[in-house]
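*Asks:* Protein sequences appear in the order of chains A and B.
Just so you know, we're using this note's numbering here: the first sequence kicks off at 1 and counts up by one.
Just so you know, we're using this note's numbering here: the second sequence kicks off at 1001 and counts up by one.
Read the hints as simulated data drawn from the structure, not as lab findings.
One or more of the hints may lead you astray.
[As the list claims (entries may be wrong)] With a Cα cut of at most 20 Å, we get these calculated SDA-like pairs of lysine to any residue:
1) Lys135/A x Asp1014/B
2) Lys135/A x Pro1280/B
3) Lys135/A x Pro1010/B
4) Lys135/A x Tyr1011/B
5) Lys135/A x Gly1013/B
6) Lys1039/B x Asp1207/B
[As the list claims (entries may be wrong)] Far from chain B by the CB rule (all over 12 Å, computed), these chain A residues:
7) Arg13
8) Thr28
9) Glu41
10) Leu105
Predicted model, so just to flag it, every value in this text is computed and none were measured.
The beta-carbon is built from N, C-alpha and C at its ideal position, and this holds for glycine as well.
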Amino acid sequence: MSSQVNAVFEERREHGLLIGYLPLGFPTVDASVDAAVALVENGVDILEMGLPYSDPVMDGLVIQRATNTALEAGFRLSQTFDAVAAIRARVDAPVLVMTYFNPILQYGVDAFARDLAASGGAGLITPDLIPDEAKEWLGAAEAHDLDHVFLAAPSSSETRLSSATTNSRGFVYAVSTMGITGARNDVDSAARGVVSRLRDSGARNIGVGLGISTPEQVTEVLEYGDAAIVGSALVSALADGGAQAAGALASQLSAGKH
Amino acid sequence: MTNLRAQTGPYFGDFGGRYVPESLIAALDELTEAYELAKIDPTFGEELAHLHATYTGRPSIITEVPRFAQHAGGARIILKREDLNHTGSHKINNVLGQALLARRIGKTRLIAETGAGQHGVATATAAALFGMECIVYMGEVDTQRQALNVARMRLLGAEVVPVTTGSRTLKDAINEALRDWVANVDNTHYLLGTVAGPHPFPQMVRDFHKIIGEEAREQVLALTGGLPDAVIACVGGGSNAIGIFHAFLDDAGVDLIGCEAAGRGIDTLEHAATLTRGRPGVLHGARSYMLQDADGQTMESHSISAGLDYPGVGPEHSWLKDLGRASYRPITDADAMSALRLLSQTEGIIPAIETAHGLAGALEVGRERGPNATLLINLSGRGDKDMQTAGEYFGILDGAS
């Protein structure tokens, strides 16, 4: 029983990690696989592949537009597994799937975990599933040896941060700001606070996300976090210039590592 | 002896819960705690009762409608007149309760979603009354079909934000309100307008509306000497229905019947009959029945009534359905509009199109039960806001082609 994600954190903690988010199926499933590969070839250490969902309440306009495009192009949940396997066949980075809960619930929580594990996926990041409601998912994750990443927010109480730490495997996702996904000019100073409080709760692997879009911000975040998570900026690059542009931005962002 | 009335959140059987981003949990905890304290604080109850007596216009009356009832198999039909409340619907009951709570916990900004605009108008009204800032999210499609209510909200000083993402209706307005709340939770209260959403909303909104059924139960007893055979209400998210059902939950002899929007028919894709055609899933923070495809993507709903055009429903209704304590039937656009015209022309009461779904259901139930039945219907809102839609539907606007 071992976490792919944890192994990468242990190996690369000294330099800090870059985690890149892209939605599966945007602009097409094949193109999203190519773009994900391009990210890893340009310095992204761990992939976070988002499943398009009709009601993405944690996402800003950039990701909403991309996932909407994927759904309109006919993305089906069952394509997830072949896409993850295709990425894993070409690059060695762990692939976490980020998804709202209802698609998993409808597929069948255990069946999804089984099929994700079989395709070589590392686990799930669940933005609208808190540990309190995650009993079924945690059971499935354990049965299929998958990582389970929960979120921690600046508003979270010490008890809740502790719960995020205890219930996460792989890393804990520290939300840098009270808000939704999208590039911002400055990383919220709240990020430093939530990471420090997560450390106090015993978290070893901490990724910081929301609002990070430049190499300078990556460098800043890696002063206190173990990984910087970039989403909307990469999605914008992919939308504007395809996999090549997404790869080029990943390369720049990667230069922000220590 | 069952005691369904005592059921509280976060769970109603398999339904309910809190399926929201972690960022919102602190605010939901704060709200839950404030609400639990307010419930046992006599001052809070007195403040709310005073507002209802001097501002809302409670208790609302009941009206027996014999000319309408002739079309319903001769059953005895009694309307609970929530349309006579200030702002024109039941929505004010919940809004005043939540606005009082928001003030208690120091929030200065109210945000709300609205479909038909009734909840938006009620929230804008409370914000004006309490001197709070107010932002109302409304699907772009709904701002067009409910233009009059948009003007009312603006006149009351609220900012109306048309939502242009997704299906541009109520569900997307809720998404946008949740996004606003995540970003502004320090000073903002999300004044959710129905019995859906994460705990404590389904329980709290129900509690603020249960006064409807509590009053009506006493009023019907006084009028008829007995309890009604059935209590009927329209169901979108389900707030007016749960409001009138709740007092009767433990009266085993009283049937509880919710009327969902069947739009162009439940065998088409254009309906909002969540409990009739949906299956359990997670939407907007709670587990409940919802309209969704095989992948769990929310399906777009359709109803001529903006207030019922929602692919989800409150978790307590899902629980009551699975328990068999309440039943839910689909009512088409056409049947609702006929009932709207019938009540207008037989009784001189123009109901909201949402409410007309309950009236159409009552016509069916009356014909099924016959002249010995007594039916209580929640007349949840008045139809003034719907004159454009109804005028076009019936072709009665001057200059209409």
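*Asks:* Decide, hint by hint, whether the structure agrees.
*Replies:* Hint check results:
no.: 1; hint: Lys135/A x Asp1014/B; in the structure: holds (14 Å)
no.: 2; hint: Lys135/A x Pro1280/B; in the structure: holds (18 Å)
no.: 3; hint: Lys135/A x Pro1010/B; in the structure: holds (16 Å)
no.: 4; hint: Lys135/A x Tyr1011/B; in the structure: holds (15 Å)
no.: 5; hint: Lys135/A x Gly1013/B; in the structure: holds (16 Å)
no.: 6; hint: Lys1039/B x Asp1207/B; in the structure: holds (10 Å)
no.: 7; hint: Arg13; in the structure: holds (24 Å)
no.: 8; hint: Thr28; in the structure: holds (17 Å)
no.: 9; hint: Glu41; in the structure: holds (30 Å)
no.: 10; hint: Leu105; in the structure: violated (6 Å)
Consistency note: the structure conflicts with earlier hint 10 alone.
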